[in-house]
Every structure is written in structure tokens, then in C-alpha cells.
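Novice: So you can see what is in the structure, the chains are spelled out below.
There are 2 protein chains.
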Amino acid sequence: MDLDWDGITHVTKVDPAKPLPPTLDVLAGTDLVIVGGSDDVTERNTIETIDALEDAFPSLPVLQEPYDSDHVSSETIDAVDGVAVPAVYNGNREHFVGKHVDLFTEVGRKPDEILGTSIPLVGNRITSKAVDAIGDLTEKLVGEGYVVQHLDSAAADVSGVEERYTPDQVAGAALATEAFYGFPVFYVEYSGTYGGPEDVEAAARYLEETTLVYGGGIDSRAKAQEILEAGADAIVVGDCFHDDPETFRETIPR
Amino acid sequence: MDLDWDGITHVTKVDPAKPLPPTLDVLAGTDLVIVGGSDDVTERNTIETIDALEDAFPSLPVLQEPYDSDHVSSETIDAVDGVAVPAVYNGNREHFVGKHVDLFTEVGRKPDEILGTSIPLVGNRITSKAVDAIGDLTEKLVGEGYVVQHLDSAAADVSGVEERYTPDQVAGAALATEAFYGFPVFYVEYSGTYGGPEDVEAAARYLEETTLVYGGGIDSRAKAQEILEAGADAIVVGDCFHDDPETFRETIPR
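These protein sequences, in sequence, are chains L and R. The first sequence begins at 1 in my numbering and counts up one residue at a time. The second sequence begins at 1 in my numbering and counts up one residue at a time.
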């Protein structure tokens, strides 16, 4: 997809299973919303969340980051600007390549089921129509090269992460992203805790085309600045959006 | 690197440990040479092979596909148009992502050792010079998404391949390459045996930007044509180049 990452500095992570703040006005100044979460997330509350965001800020780009294929449908795909799919460098094989090939195999095998039944599949037009629809879906995919650095997190648990990468290894994964795998995004994920600037500094040395994103524990202007000054292109702020809108607003660069 | 895959239909795989045919004239009409092999290959015989090719056909592009980091040096990197690095979809984690991150971590950590000692590393210029040199190296990398389909082959053995992909899975891996990992090449490898057109047909449906390459057991004009008609952009011919130059010449499309 053609999201213009150059203009994105502040990203808000919205969990569809958590209540939204009293007003969405706090989102003024954020550049992108990522919708996704694990516990209690459904396709239905994902759609409701996307609709609420769309009503409040019609031009704010929205990515879905699904934790489960049940969270995705042709309706969610149509509603968002992109579907973010992580590949976890320091996880198990399944979460870097296994599930991905399974997904694409399913997409190729049963495009009608994956994409809803609205696609007219009649006679000889099956193949070309289905392949076109797959093209539409895959154009919305945003690959994210991930390192998950907080071992005591749901993200580490589900993706089989048993060891943190050293800063040298984070730099290696960043260079692999830039030079080999070609994901548009490299994501340093400290999910739920603040990791400081060291990994971001290590990764930033090698990233030119790739957007460097950091998420985890940003709950003040000082932390937001520290990570951006270390070389992150964008910070992701999640928890305090739901819990503490005033603190959340502090993390948006002026 | 900027290899023009559009013009490449016939690729010759040359093993530096095997004797070259009496004359290299048989290469007239091939579009690219890949130099690489496992047993008895050294950096020295790799260089000698590249030099012999360069003398005979100065404008023929040459890729090195190293099986071991001992086969690579700043001299080999300088001598070739690109360094092909496979990522094996149906192998183990190490051969899709593990060794790759290790390589890039080493490159980032010790650029002088990886790239030879000729880089002037003096004072504050270390960082920028080294990062530039890494850029030069990484620009030569050609990522190849591989499926290894002959279980009784050295390629399957070293990359931990225990099961063949079905044609549906080959199509899924092809779609993953096109839409997610972004390797410029998708390679169906039957190394040492002829796999027929089925996997190539399955993969070709989903590949537009990615170059589809087939290798394995092509030893006649009929097999070469069958694979190209099934949708391969290029065929790789190896064994008979060394063993039977007349048969090799038959595989080159007129």
C-alpha cells in the first residue's frame, strides 16, 4: 500500500476491546492509528472502532494489526488503509515465515472464502477475478520486521520469543530488513515497558528506506523525545490512550 | 543490485570445484552465470572460475551463490555483479532468517574484517566509512526465496528441508515473495532431478514483479521448453554444462 511514512511521527495503538476515551479529540496531532489487540478482540469490535475513528477524523490513516485471522474480513480490509503483518526476527519459525506461507497458501487456494462471497466467481472468470482480488488484498499488506524485546509480554509469548536481541543483533535485524527482506517498517517492540534509546540508536544507523518504529512504555514527553532523538521515525503510544488521555496528549510532538 | 532480469531466460550454474568444459564457447546464448557449489569449493577456485568467465565473455553477468562464508571475500564481491543469498521457505528457521540475521549482525559489528582490511578506519571516520562500505556490500545482495523440492539433495540436507511443498504451498510461498518478503527472485529448486512443470505453473499465477526461476534436471530442449512454457522466467542448467557440453547447448533457447 502507499502510506506516506515520511509524515508519520506519532502513532496511536488502539485496542478494540478497551473502552475509548470520553472524547477522541485527544487524537488531534497523531499521524496514524493502528487498531489491534489480543484478548476479547473480535471482527465486530474492530469494525466499530474503525468506524468511530473514521467519524471523528475522516482523513486519519488507519492500519489494522490483526492478532488472529478471525479479526479480519473483507469488511475490515475495505475499511482500513492497510493490514499490518509482523514477522518476528527473534521468535520461532512460525512467526517469521510459517504462518505467513500458510496464510498466503490459504489466500491462493480459497480466495472467495478469504475475501467474502461477494466476488463473482463464474465459469472461466474464476481465475482472473480471484487473482485480481488477491492483488487488491496483498496491496494492502504492510510487512513489519519486528524484534520483541520485553520477554514478559503477550507479544513475546505468542511469537515464541525466548531471548532478547542484543543491540548488535537489533542492528543486524535492521540491516537485514533494509538490505534483504525489504519490509517497509522495522519495529522495536517493548510492549508494556520502556526500553530506552539504545536499540533504536543501533537500528537507526542502517536504515534509510525502512521506517524505524518504536513502541513500549512511552508515557511522557521526555520519553517520546528521547526515542525520536535516538533516531526513530515514529513512536507508538498505546496504553495511556485508553487509560490517561492527558498523559497521552503529552506524547504527541508539538 | 540492478540486474536486468527481464532479459534473462537461460542461466548456467557453474561449480568452481568441477573442471570447466574444453571450451567456454558453449556459453554463447546463456544470459547469466551463477557460480557456486558445496564440496571442495574455495574462495580461490571461485575467483579463478570468475576470471575464466570474464576472459571468455566480458559482458556476461555473474552472480556468486556462496554455500559458506569462506567462499566470500572482498575480492569475490568486487569480481561479481551480485551475491545471491537464498532464504529457504520449506527449510528450518536458520535457513530462512537465523543465519541471515547472524550475517548482517557480523557485517554491522566488524565491517573491516568482513570487507577486508583495505578500508581506512581512522578516528571519527570509522563509522561513516564503514557504513558506506556496508552499503556497497548490501547493494550487491540478491535475495532468493527458495523452495527445495528434491529431498535427497545436498540443498535439502543443509537447509533442513524435510518435506516437499505441495503445488498449493509453492503458490503460497510465491505469493508471500511477491506480496510480503519482496525478494527479487523466487526459485523452485529440484537440484539433480527433473520436477516437471506443475510447481512452476502454480507459482507463476501470482508473480508479476518477482522473477520465477526453475532449476533441476534440465538436460534436453524439450524439458527447457516445458518449464519456460509453464511460466518460468528463467531456467538454470548446471550438471550438463560440466559433463556434456553438447546436451548443455541444446538447453539454450534459440
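Be a bit skeptical, because a hint or two may be false.
Which chain R residues face chain L? A few, computed with CB under 10 Å, are given here [what the hints assert, rightly or not]:
#	residue
1	3
2	5
3	97
4	104
5	137
For lysine-lysine, the following DSBU-like pairs were computed, each having C-alpha atoms within a straight-line distance of at most 35 Å [said to hold, decoys possible]:
#	chain 1	residue 1	chain 2	residue 2
6	R	140	R	18
7	L	13	R	18
8	R	99	L	13
9	L	99	L	13
10	L	99	L	140
11	R	18	L	99
12	R	99	R	140
13	L	140	R	99
14	R	18	R	99
15	R	18	L	140
16	R	140	L	18
For the record, the hints were derived by calculation from the structure and aren't laboratory data. Just so it is clear, CB atoms sit at the ideal spot from N, CA and C, and this is done for glycine as well.
Novice: Please go over all the hints and tell whether each is borne out by the structure.
Specialist: Hint check results:
Given the 10 Å rule on beta carbons, the hint for residue 3(R) is violated: about 15 Å separates it from the nearest Cβ of chain L. The beta carbon of residue 5(R) comes no nearer than 16 Å to any beta carbon in chain L, farther than 10 Å, and the hint placing it at the interface is violated. Taken as an interface hint, residue 97(R) checks out: its beta carbon lies about 5 Å from the nearest beta carbon of chain L, inside 10 Å. A hinted interface residue such as residue 104(R) counts as satisfied when its beta carbon comes closer than 10 Å to some beta carbon of chain L; here the least separation is about 4 Å, so the hint holds.
With its C-beta approaching chain L no nearer than about 8 Å, residue 137(R) sits inside the 10 Å limit, and its interface hint holds. At most 35 Å may separate the alpha-carbon atoms for a hinted pair to count; residue 140(R) and residue 18(R) meet this at roughly 25 Å. Between residue 13(L) and residue 18(R), the direct Cα distance comes to roughly 57 Å. Violation of the 35 Å bound is thereby established for this hinted pair. At roughly 32 Å between alpha-carbon atoms, residue 99(R) and residue 13(L) fall within 35 Å of each other, so this suggested pair holds.
Only pairs whose Cα atoms come within 35 Å are accepted, and residue 99(L) paired with residue 13(L) is accepted, the gap being roughly 23 Å. Taken as a hint, the residue 99(L) and residue 140(L) pair is honoured in the structure, with Cα atoms around 18 Å apart against an allowance of 35 Å. Of the pairs offered as hints, the one joining residue 18(R) and residue 99(L) is violated, with about 40 Å between alpha carbons and a cut-off of 35 Å exceeded. Our distance criterion of 35 Å between C-alpha atoms is met by residue 99(R) and residue 140(R), whose separation comes to about 18 Å.
Proximity of residue 140(L) to residue 99(R) is assessed by CA-CA distance (about 29 Å); at most 35 Å being required, the pair is judged to hold. Taking the CA atoms of residue 18(R) and residue 99(R), the gap is about 27 Å. The hint holds against a cut of 35 Å. For the given pair, residue 18(R) sits about 47 Å from residue 140(L) by alpha-carbon distance, which is inconsistent with the 35 Å threshold. Under the criterion of a C-alpha separation no larger than 35 Å, the hint pairing residue 140(R) with residue 18(L) is inconsistent with the structure, at around 47 Å.
Of the numbered hints given earlier, the model fails hints 1, 2, 7, 11, 15 and 16; all others are met.
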